[in-house]
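Participant: As a plain string of letters, each chain reads:
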Amino acid sequence: MSTTRERILQRIQTALHDGAPTGRLVAEQPTTEPVLRDYRQRDEAPRADIIDRFIERVTEYKAIVRRVEEDQLAAAIAEALAARGVERLVISADLPEAWLPASITLLRDAGDLSYETLGSSHGVLTGCALGIAQTGTLVLDHGALQGRRAISLVPDYHLCIVHAAQIVGLLPEAMPQLEAAVRAGRPITFISGPSATSDIELNRVEGVHGPRTLEVLVVI
Amino acid sequence: MSDHKKKPTPTSVLIELEPKFEQNAPAALANTQLRRNMGKATQTIRAKRANVVSELSDWEELREAGRAIKAFTLEHLDEQLIQLEAAVQKAGGHVHWAQDAAEANRIITGLVQAHEAREVIKIKSLTTDEIKLNAALADAGITAVETDLAELIIQLAGEHSSHILVPAIHKNRAEIREIFMRTLGVRELSDQPKELAAVARTHLRRKFLSTKVAISGANFAVAETGTVCIVESEGNGRMCLTLPQVLISVMGIEKLIPTFRDFEVFLQLLPRSSTGERMNPYTSLWTGVTPGDGPQEFHLVLLDNGRTDVLADQIGRQTLNCIRCSACLNICPVYERTGGHAYGSVYPGPIGAILTPQLVGVEHAGSLPYASSLCGACYEVCPVKINIPEVLIHLRGEVVRQKQDEGGIRAALDPENVAFKTLAKVFSSRTAYERAQSLGKVGQWPLQHEGYIKSLPGLLGGWTATRDMPTIPEQTFREWWEERTKA
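Read top to bottom, the protein sequences are chains C and Z. According to the numbering used here, the first sequence is numbered sequentially starting from 1. According to the numbering used here, the second sequence is numbered sequentially starting from 1.
Pulled out of the complex, with its shape left as it was, chain C reads as follows:
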């Protein structure tokens, strides 16, 4: 007796090559045309314009976005956390302590924090893999400075740092940079603004299950 797997594969082969088991039309031999990829592969605009566009589009999703100089990063983080009233902050195990104000209780995750601990924190600080200007998207590949997926999901406030050099123009520029992480078995998360829904009368409303506030520091 054949397995379901074999039966399905057999039905596919019959459908593609030997005519129709149930339909009337007999399929011809497959004639695969090449996939033309003549859509835009790269944004040729000046770097400054691409970074401006990234900031503009992330802002449109109702995220808070600020531009900071490299040497002011720690001050900007302290300011953001203070404005939000964050006292207990989740970070990944590899995030440099020098970025963070001494007054804050750090919940450093080495994959061991419980969901309850994450849920009762006041927020999370992470880096990211890259940013996409065209769509205003942050991409996490859960590598350096990002930690496992749960830490940037359960807390209600996500502060994310992206360096200007990490920002690309178009989605086709981003995908090749993510492939290594995928081949290493890591998950990928695309984040475009705070969590939202369009389920009520098809209008976007911010703030459902994921972090309800997303703040982004763009390091120039």
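These are computed hints drawn from the structure, not numbers from a lab. Check each hint, because a few of them may be wrong.
In silico EDC-like links for lysine to aspartate or glutamate, alpha-carbon gap of 16 angstroms or less [claimed, not checked]:
#, chain 1, residue 1, chain 2, residue 2
1, Z, K40, C, E60
2, Z, K132, Z, E103
3, Z, K194, C, E201
4, Z, K403, Z, E390
5, Z, K212, Z, E224
6, Z, K48, C, E60
7, Z, K207, C, E116
8, Z, K90, Z, E297
9, Z, K212, Z, E116
10, Z, K132, Z, E16
11, Z, K403, Z, E18
12, C, K62, C, E206
13, Z, K454, Z, E434
14, Z, K194, C, E206
15, Z, K48, C, E201
16, Z, K385, Z, E61
17, Z, K20, Z, E406
18, Z, K403, Z, E363
Quick look at which bits of chain Z chain C covers, simulated, 3 or more residues with Cβ under 8 angstroms [stated by the list, open to error]:
#, region
19, 65 to 73
20, 365 to 371
Glycine residues also receive a C-beta, built at the ideal position from the N, C-alpha and C atoms.
With the hints as your guide, set chain Z onto chain C.
Facilitator: Just chain Z, lined up with the frame of chain C:
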């Protein structure tokens, strides 16, 4: 009855057995609240989509690439599935194959029972609606909790979905407020969307943090790497994909894309076509199991359930390109007016009108290919270029042929059959055609009014029930031509 071979009665896909769109539509059209809600929602989403699509100068190139990638996938579906299976297994996942809804439900129920779970959390999934998974789980004493906001509204209201992306599209904010107050025991609640969303957040939080098993569909799966993708907005998807110990994902065998790079096409096409956004809030990609991150047990269930029949039809096959964006529903003048329930299928709207009859057989859903004016708007907006009008016409042919095949007295007396047989005779001879014209000119006299016939008698009345018919003119073209050459 003839001995025409019937497929077994479909227990999946259809919400009503043998839906009759033409019988369901008038009630939907008479529901003014429904028409207001549908009109408002579809107009909003159409404007948003048009706006973000016009922003991309290379939209047509992206559509063409999307179509070509899907065509390639389907032409190599067997190899692609074998490749996917190997990649998922290599990454620590398990792969199951299910020929029909019953087999898929058996596999999933068994997996949930093996973990002794009495409750599972679910990400909105059309494929699980198609196989009626929630009912199958309930039969086994397992509660399936829907976590998508619209899906939750529907579940609490005890209704069926009416839109593939926004199942509660037929409900306005006041109606949603009423459902939440009635079913969740919320005492004070306004109809502000923000407050309504907050209710869902509170209601589901504990379940996300404590439930052991999650079930999802899949938007895409990459044959090359075994990577599976879920596109969502609320974060309920991320919760289900990240926090439980076990993840079970069900996907139709056509949801494949060959390479990781292909995401660069579909992640541009899908959000702009579905919610009219440059990008949806969250997209998750995962490959098998990642040690220390997310569920440590992953099962992928590959579902046929009629798809190989669709694949076998050279014209119908393009239906399997569908990425379930719902742009064709939102643009369709028929769907906008009737809403989704009139289709009686898990898949309503233009895509449902071609997918449903192919999955279950035209003999069970023969009215759906007629639920269209063939205006072609659906084809224009389809991000993977499914020529829906072409498939509709092809299926109408199938419906007629299937009726004729039934044979016997029923087919011989079918008024449509008789009418078209007569027409074919008249149209095939010049003298018969001209004689019919002269007869018509005389016969139409009592029926006409200012150049139009508003109502034909008897069985012919069906034609004029929804349209006026122009009268045969005093002088036909042929008569005019003859006169002109004589002069």
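Participant: Next step is simple, just say for each hint if it's right about the structure.
Facilitator: Status of each hint after checking the structure:
1. As the CA atoms of Z/K40 and C/E60 are separated by approximately 23 angstroms, the hinted pair breaks the 16 angstroms bound.
2. Annotation: proposed proximity of Z/K132 to Z/E103 holds, straight-line Cα distance about 12 angstroms (limit 16 angstroms).
3. For the hint linking Z/K194 to C/E201, the alpha-carbon distance of about 12 angstroms falls within 16 angstroms, and the restraint holds.
4. Between the alpha carbons of Z/K403 and Z/E390 the distance comes to roughly 20 angstroms, so the proposed pair goes past 16 angstroms and is violated.
5. Distance hint between Z/K212 and Z/E224 is unfulfilled; the C-alpha atoms sit about 29 angstroms from each other, more than 16 angstroms.
6. Between Z/K48 and C/E60 the CA atoms are separated by roughly 14 angstroms; this keeps the pair inside 16 angstroms, and the hint holds.
7. The straight-line distance between the Cα atoms of Z/K207 and C/E116 is roughly 12 angstroms, inside the 16 angstroms bound, and the hint therefore holds.
8. Restraint check for Z/K90 and Z/E297: the C-alpha separation of about 13 angstroms stays at or below 16 angstroms, so the hint holds.
9. As the CA atoms of Z/K212 and Z/E116 are separated by approximately 9 angstroms, the hinted pair is consistent with the 16 angstroms bound.
10. Between Z/K132 and Z/E16 the CA atoms are separated by roughly 13 angstroms; this keeps the pair inside 16 angstroms, and the hint holds.
11. Annotation: proposed proximity of Z/K403 to Z/E18 holds, straight-line Cα distance about 15 angstroms (limit 16 angstroms).
12. For the hint linking C/K62 to C/E206, the alpha-carbon distance of about 8 angstroms falls within 16 angstroms, and the restraint holds.
13. For the given pair, Z/K454 sits about 24 angstroms from Z/E434 by alpha-carbon distance, which is inconsistent with the 16 angstroms threshold.
14. Between Z/K194 and C/E206 the CA atoms are separated by roughly 7 angstroms; this keeps the pair inside 16 angstroms, and the hint holds.
15. The suggested pairing of Z/K48 with C/E201 holds, with an alpha-carbon distance near 13 angstroms, which does not exceed 16 angstroms.
16. A hinted pair counts as satisfied when its Cα atoms are at most 16 angstroms apart, and Z/K385 with Z/E61 qualifies at roughly 11 angstroms.
17. Of the supplied pair hints, the one linking Z/K20 and Z/E406 is violated, its CA atoms being roughly 19 angstroms apart against a limit of 16 angstroms.
18. Between Z/K403 and Z/E363 the CA atoms are separated by roughly 8 angstroms; this keeps the pair inside 16 angstroms, and the hint holds.
19. Proximity of the region 65 to 73 of chain Z to chain C, defined as three or more residues with a beta carbon under 8 angstroms from a beta carbon of that chain, is established by the 5 residues found.
20. Coverage of the region 365 to 371 of chain Z by chain C is violated [criterion: at least 3 residues with CB-CB distance below 8 angstroms; count 0].
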